[in-house]
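Participant: Read off the chains here:
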Amino acid sequence: MVNKKAFRYFGGFLKAQERWLNRMAAQGFRLVRTTRMMYEFERCAPSEYEYRVEFIADKSPRQAQEYRRFLEEMGYRTFTKNINLNYSIGKIRWRPWVKGAGQIATYPGSYNKELLIVEKRKDGKPFELHTDPEDLVRYYQSLRNAYLFNGVFWALGLLLNFFVSIPVAVSILLGAFAVIFLVPAIFYALAIHHVNEDRKIYE
Amino acid sequence: MRDHVKGGALTETTFFVLLALYRPNHGYGIMQFIEQETKGRLSLGPGTLYGAINALLGKGWIAPFGEEQDSRKKLYLITEEGRRVAEKELKRLIELCGIARKIIKGSGDGE
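Those protein sequences? They're chains A and B, same order as listed.
Counting in my numbering, the first sequence runs from 1 upward without gaps.
Counting in my numbering, the second sequence runs from 1 upward without gaps.
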């Protein structure tokens, strides 16, 4: 039987990607392969599997590999996924928002593997990757820092206006990029705030 | 960070992972141990468990068990220091339970 292929790009919308994969699984399609924009599925029993999408760009290639191995050992299947669309070959990225190893992302390496798709065979028990509030805050912080850094980067670009004259169109573009990154940063900052509020009372 | 200054209380996750490792155990075994012992009340996410194991390895409260590295599942075991921490936590919880029982039961008796 021929596998089903679907073309999608979700970028930083982790929950949307997760919902889509779970909808596919509910219809009886199990993920077997991902490329930059393509997802390949094979037939399975409807709702046999469920998926979570996790941001792992704050991990060095070695840390990410160890984490994957740990998950696979526990019986989950994992796929890496890109968060950006970028088609040149061979690249290096500096991720100043990362703590310690992992600041330098290369391709091949940790670049284009910013996300991890985790598959679990449904067993009636809840499936969440992060359950402890402290751990959840740490996870949201890695996302917030990534977006915040990018947002501030583009916003600083706007400040160049004070020193040299920049075409209006460029300014608008810089502003748009800043907003695109700062909105998710605010979203994750609020998520952190909510967990922290609960944490004052509950563990 | 600030939370730890108060009294060194372990998080429930930390304490349960330590308890699960009084005998050699691997990730999946730890998860099952916690689910069974709490009858499903506490279900640990694999990402959280991974973070907890790494943090405890860093503290030296647990250590890898056995030599086989690549082929088999990684096993972990609590260390002497880990046992000391767990015993201290048990004492703290007993004290807390004692106080709570006195007050909650006490107020119940009066009515």
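Bear in mind the hints are in silico, worked out from the structure with no lab data behind them.
Any given hint could turn out to be false.
[Stated by the list, open to error] In silico DSS-like cross-links for lysine-lysine, where the CA-CA straight-line distance does not exceed 30 Å:
1) B:K73 with A:K120
2) B:K73 with A:K200
3) B:K102 with A:K200
[To be verified] Anything over 12 Å on all C-beta distances counts as not near chain B; from chain A, calculated:
4) G75
5) Q103
6) L136
Using N, Cα and C, we set each Cβ at its ideal position, and we do this for glycine too.
Participant: Work down the list of hints and note, for each, if the structure agrees.
Facilitator: A quick look at each hint next to the structure:
no., hint, verdict
1, B:K73 with A:K120, "18 Å, holds"
2, B:K73 with A:K200, "37 Å, violated"
3, B:K102 with A:K200, "25 Å, holds"
4, G75, "6 Å, violated"
5, Q103, "19 Å, holds"
6, L136, "8 Å, violated"
Of the numbered hints listed earlier, those contradicted by the structure are 2, 4 and 6.
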